[in-house]
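**Q** Here is how the chains run, residue by residue.
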Amino acid sequence: MSTGEPLIVLEAVNKWFGPLHVLHDVSLSVGKGEVVVVIGPSGSGKSTLCRTINRLEPIDSGTITFDGRPLPAEGKALARLRSEVGMVFQSFNLFAHKTILENVTLGPVKVRKEKPAAARERALALLDRVGIANQAEKYPAQLSGGQQQRAAIARALAMQPKALLFDEPTSALDPEMVGEVLDVMTSLAREGMTMVVVTHEMGFARHAANRVIFMADGQLVEDAPPAEFFANPRSERARDFLSKILTH
Amino acid sequence: MNVLIDRFDVFAGGFWLTFQICLLAAIGALILGAVVAVLRISPVPPLRAVGTAYVTVFRNMPLTVVMFFAAFGLPALGSNADFLRIPLLDQVFSRLGADLPYFRFALIALVLYTAAFVCEALRSGVNAVPPGQAEAARSLGLTFGQNLRHVVLPQSWKASVVPLGSVIIAMIKNSALVGFFGVAGDLSQSADQLTSAEGYAFIPVAIGISIGYLIMTVPLGALLDRLEKRQAVAR
Amino acid sequence: MRIKRVAALAVAAALSVGLAACGGDSDEGTGAGSKSFAAGSTMEKLNKAQKIKIGTKFDQPGFGLKGLSGKPEGFDVEIAKIIVKELGIPEDKIEWVETPSKVREDSIVNGTVDLVAATYTINDKRKERIAFAGPYYEAGQNIMVRKDDSSITGPDSFKDGTKKVCSVVGSTPLEEIKKHVKDVATQVVPFDTYDKCRDALKQGQVDAVTTDNVILLGYIAKDEASFKMAGDNFTKEPYGIGVKKEDAAFRTFINDTLEKAFADGSWKKAWDNTAGKFGATLGNPPTVNRY
Ligand SMILES: Nc1ncnc2c1ncn2[C@@H]1O[C@H](COP(=O)(O)OP(=O)(O)O)[C@@H](O)[C@H]1O
Ligand SMILES: [Mg+2]
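Protein chains in written order, with UniProt numbering: chain A, 1 to 248; chain B, 1 to 235; chain C, 1 to 291.
Same shape as in the complex, but just chain A:
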């Protein structure tokens, strides 16, 4: 599915939080249409990696390019870039004071300046696609976690992004709701969306990912196709991590 043409490219990226070296010379290239799953122990820098890609976190050194252009600094150009990279958060972050439909149309209308009627029509189609069209007029607090996360995905998709970033999208969900969200993500992957997914769902990694990246202590330790990674992890840390995760 991947065309091989790189969309997201990180080169020698370093990031500190005060004295804490959170990203350590990270280099990574994600091709158009590629699905990359990022795994690793808690605190290894996965979220930070995700957030640097749309510059929710600025970096200290190295370069990040998106679709051939380096990330712009704070301002209008950055806002435009962010609109091209969708992000789905662990805690959904739906706008609490707006209905589900308003959540989905806000970006298209305010950022893309689409006509409200057109944005609404497309939003309803997207909500239908993620299976919550009948919840359009409700407020986020009235929905289950799984429904909220699907709404959040619809909100990201409404911007017609070139790539989607997922930061542990199912970790805050009750187990019975994980499936409905993964189904939506899997179908997106099938349709050729470029995705970077931080997750502990090994099933999703096996079936939907083109590559699995293993991070530890801010470093990119392994980068391999899922079959190869799960069958034969090369590093001690990855083996250790997998043994812990797969036993339960």
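No wet-lab data here; the hints were simulated from the structure.
Just to be clear, a hint being listed does not mean it is correct.
[To be verified] Reference listing, derived: stretches of chain B covered by chain A, where coverage requires no fewer than 3 residues with Cβ under 8 Å from a Cβ of chain A: (1) 126-135; (2) 142-152.
[Stated by the list, open to error] Partner residues aside, some chain B positions facing chain A, computed with beta carbon under 8 Å: (3) S42; (4) P43; (5) R138; (6) S139.
[What the hints assert, rightly or not] Beyond 12 Å from chain C on every Cβ pair, some chain B residues (computed): (7) V162; (8) I215; (9) V218.
Glycine is no exception: its CB is placed at the ideal position from the N, C-alpha and C atoms.
Let chain A serve as the given structure and place chains B and C with the ligands on it in line with the hints.
**A** Same frame as chain A, but now just chains B and C with the ligands:
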């Protein structure tokens, strides 16, 4: 208690002047306070520094000192605060356009001082909005201004309403100082006029003055409570 | 008028002789029982207690100003001391209480102080709540202007609505000048202290400062290059000693004491050592008003 009836004109005049000052100062302080709050939460460090410096200075200086600077510093700098002689507005609030600048000076002092507290009340509301909300808005590509307008401020109002109300009510009480800085005839000055110059007993006069202030502050408090409840339901 | 005053002085002199006689060896005598007063009178009570609380101003140059010594000094203070001495109480047993204009009546009515000597203008409104002995001085409201300004000659100069005049919040002169201006809102500037009025006058923000002449004289004495008086006093401000309304005996006692001080020169001496230093003339003693 006869004084309340015999000198009703003095109380009424004082009430009307205090009401004018408070209305104008509240509008000014809300606008300036909002601007300073935006500076304080803006993504641009120098702007943030300006906002922080403003709040530090005006929140920590006694109002009498600010009043003093306005009443004696501005004229020393050659300003009569003529920019506040706003056409039309000065028809309604005649002292705004008067030759005598002390009404404008006192207004400036009240606005500068109160804006620092308005800023902090607004900011405490903004801080009460979960950071994920602003982050989600940013990740959609909303600019800082859009983010504030469509996502953060609509949600921060609820948490700001009560502290904002306290700030404005405190401002109404603080306005009692204007009479000591060249503005003739506000509500609390009426008390001085009646008790020390005209010799009326203090207690009845104080009761009259208190009623005047309560007429302004109590409805404001009630209104804010209503607003807060309505927003709670809208959730 | 003249005859009445002479008669009053004669009575006072006679009385003081009488008092001195009762006082024992000398009229300098202090201490409990050093003088005898009618049983149950305020004078007896104070004399027995050997202490007295006196309200005065702490911020009025020439009349009651608390300086480095920690004790107030001025004409009011000296007059009060004359009364205290007559009560047979030593000077150092006086407790000085600051009584700004606002609290004077209440301090007397509530008994916070035994008497008030604080540039206290006698008027009918005040007499509804307290009583006055005296007057012991007749001040009058006047107007101070910048030295180079000859456009203001008296209170009528404010009639045309252009000149701005400053005074202190809650003072009688402020209310008085309101009667002479065309528009209070644009001509009358109140501050909390006369110092601020003076500064505003110097800066040119106002054209005049008005209050009792003695206060203005104090400012002119300190800065003759900048200020001058504009015209004569246009009110009579008789300063009295405030006491409880119902205490007629104490009032009479103070009136007697004042008349004695007028006669024996201690009144004039008190003036010369205090407010008189600003160059104000004292004139003849006023007539005590025994109402
Ligand atoms: N805003 C921040 N300020 C300071 N330290 C942070 C911040 N965000 C994350 N960290 C620290 O950086 C490290 C990596 O965090 P994160 O990227 O969230 O890891 P992961 O997502 O892999 O659990 C952790 O030690 C975390 O405590
Ligand atoms: Mg994380």
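**Q** If a hint holds in the structure, say so; if it does not, say that too.
**A** Hint-by-hint comparison with the structure:
1. Coverage of a stretch by a chain is defined here by at least three residues with a beta carbon nearer than 8 Å to that chain's beta carbons; for the stretch 126-135 of chain B and chain A the count is 4, and the condition holds.
2. With 5 residues bearing a CB less than 8 Å from a CB of chain A, the stretch 142-152 of chain B meets the requirement of three and the coverage assertion stands.
3. Because the smallest distance between the Cβ of B/S42 and any Cβ of chain A comes to about 10 Å, over 8 Å, the interface hint for this residue is violated.
4. Taking 8 Å as the C-beta contact cut-off toward chain A, the hint placing B/P43 at the interface holds, the least distance being around 5 Å.
5. Interface hint at B/R138: satisfied, since its Cβ lies 6 Å from the closest Cβ of chain A, which is below the 8 Å cut-off.
6. Interface hint status for B/S139: upheld, as the beta-carbon distance to the closest one in chain A is roughly 4 Å, under 8 Å.
7. Every Cβ of chain C is farther than 12 Å from the Cβ of B/V162; the closest lies at roughly 33 Å, confirming the non-interface assignment.
8. For B/I215, the requirement that its beta carbon stay farther than 12 Å from each beta carbon of chain C is met, with the minimum near 22 Å.
9. Once the 12 Å rule is applied to beta carbons, B/V218 is consistent with being away from chain C; the minimum gap is 26 Å.
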